[in-house]
Amino acid sequence: MMGQVVMTGQTMQPEAQLSFLDRFRAMRETRFGAFVPVLLALAAIWAYFGLALPFYDLLSGEAESFRSIFLSPRNIYNLFMQSAVIATLAVGITIVLLLGDIDLSAAATAGVCAALLGVLVLAGVPGWLACVMVMAAGIVMGAAQGLLVAYVGIPSFVVTLAGLLGYQGLMQKILPTGNLNVGDEFVRGIARVLIPDLWGLAIGLICVAAFATLNLRKQAQRKARGLELDAPLALWGQVIVFSGLVITIILTLNAYRSLPLLLVLLVGITALLGWITTSTPFGRSLFAVGGNPESARRVGMKVKRIRVAAFGIVGLMAAIGGIFGASRFGSVSYTAFAGGSLLLEAIGAAVIGGTSLFGGRGSVWNAILGALVIGSLGNGLDLTGASAADKLMVSGAILLLAVAIDAVSRSGSNGGR
Amino acid sequence: MSLENKPVGRDAPPAHPPPTHLRVEGIQKRFGGVHALRSVDFEVARGEVMALVGDNGAGKSTLMKVLAGAYTADEGQFFLDGQPVTIGSPNDATDLGIQIVYQDLALCENLDVAANLSLGAELVKPGWGFLPHILQPLDELQMELKARKAIDRLEVRTLQSVRNKVGGLSGGQRQAIAIARAVGAESTVVMLDEPTAALGVAQTKQVLEVVKRLRETGHAVVYISHNMRDIFEVSDRICVLRHGGNVATYTTSETDPDKIVAAMTRGLDDGASRDDGANNAA
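Listed in order, the protein sequences are those of chains A and B. Letter 73 of the first sequence, counting from 1, is numbered 72 in numbering that gives the first Met the number 0, and no numbers are missing. Letter 55 of the second sequence, counting from 1, is numbered 54 in numbering that gives the first Met the number 0, and no numbers are missing.
Where hints are given, some of them may not hold.
Think about it this way: if two alpha-carbon atoms lie no more than 25 Å apart in a straight line, the pair counts; the simulated SDA-like pairs of lysine to any residue are [said to hold, decoys possible]:
#1 B:Lys164 <-> A:Gln220
#2 B:Lys164 <-> A:Ala403
#3 B:Lys204 <-> B:Glu253
#4 B:Lys164 <-> A:Gly299
#5 B:Lys124 <-> A:Trp274
FYI, nobody ran anything at the bench for these hints, they're computed from the structure.
Hey, can you work out the whole structure from these sequences and the hints?
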């Protein structure tokens, strides 16, 4: 027990015997350590496509001079835009993964919502109103599945598999031709509007200032209340890394066009969901249900309502993903959403980001990084002229690696399942 | 194991037994054809450790879950400080200050100690009343302070930080955290289900110290165990159940383990006699 007298078990192992694996597990338990594996993966992919391949071409004489197409501002811009829809869905899917559930119908829901959006604006409904209606439809479609999971007790895998099939059919019903152009100014504007260079930089600086202020204020409050403090190195490291990333990204985007509204919306929505999942009683209950549903029930959490709400949020994010997709492509097609690889890419992004399929661990920010990993792979392989077959196989290998990392870092705790 | 050797725990029994805090009468519970509780009476006072013993299937856990609201009694009356109350759900029990520490502890291993201690009763920052409660910002620092206080009160010295994830703690530390959570929730009645079952000697000793501290702080403690040594070390009274009914309630200082074991296994018909402190026979 709480003895200074603990004699048994592994607790007496001296620190020096910590293996690399133990350190890795410990790091992943910290708040920002969970980002490290996915950031490393991203860095490795970017280094390979952006530095190693051009360098190889230079050495082998295929290229006249060192030129990195992958890391050019133009390609980075496209990469971000390509990954945005995957990221939106992945952020939503992360919410149900936290509960230990899964949603296979997210891409089909996005497809139905996008198709509905196209039909509505074609019928003359104002763009903004159509978007609101479509988001409501997404919430209803997600929450309906949540009701079946929570109150009828059907496993989410089965409910959402049925949803996947049903919503694919529904999308075909709405779009008999399988294709519809979306010309509405409001809808297209989401992906087309660019924030002026200086404004984009200002937004970035505000984000950095807010992040630094919040962190330092928290540290000051901890000190004032006599609580243990974060290591200064970790604190300042976070602030510096965050600032560097934000400013670099914005400057890179400005170098090609400038910060697109779409990305601002995506980051804003993710920030809101990130705050809800980590800093509110609702978010805490998501983690509690994912970690130990019985425990959550016993302390009086409304587990069923939480499930329904989580599925409602996935539906909402799927609808937003549908709107983003329709806006970016200027059209709605069956293959771009329900029939394509979007679903698997979104789930893969969430898992590669480090969100556990077993529930109780993960973060919406990791989902965005995971989406960037998936997007970078596709983009990089496209640039090197790889075939679709190569892309599929590499994506599969990366996904497997991500789940293996999850499984290995889990087995340290007694709850390893 | 003679009574004279009994060291700590009952050294200073209250001169007058404290008034009953929680009392139940005539509890009946059936599961289909199984009559799990047959008109059971039970009581516990503040500042008292009431051991609840019985063979497997005697109805200990069922009675405890009825008291905690996890099961609803088919019949029976509940009194808290003499006032009739109803316990129909876990929330009812919590509102009445009745807390239970289950054998499986029910901790979330993916959350840290502070989060587990506030689970289901998260503190939120003031000034956000315009949002629904579940979306108000958590006051994590306050919860950490609360956790530190609860842990310090139970003297959990090996726990380095309340920001450690529970998944990385030892079995004994987890037990302490589960008890601390029950105590921290403004509870007056704390029920412990086999708290030492999975622990080594030293850790068991620590848990028993915690139970004694609970008595000192005026909690009414219900202690379920199979371990006679533990029971005789910490309890003030022992309530014996058999086949879903009361056998008797003994004053610990006036009985011995052999009599308790006899009452658990054979009832009062032979072996255990009624004249040694037993009262309230079924």
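Check your understanding: Which of the listed hints are not met by the structure?
Key -> none
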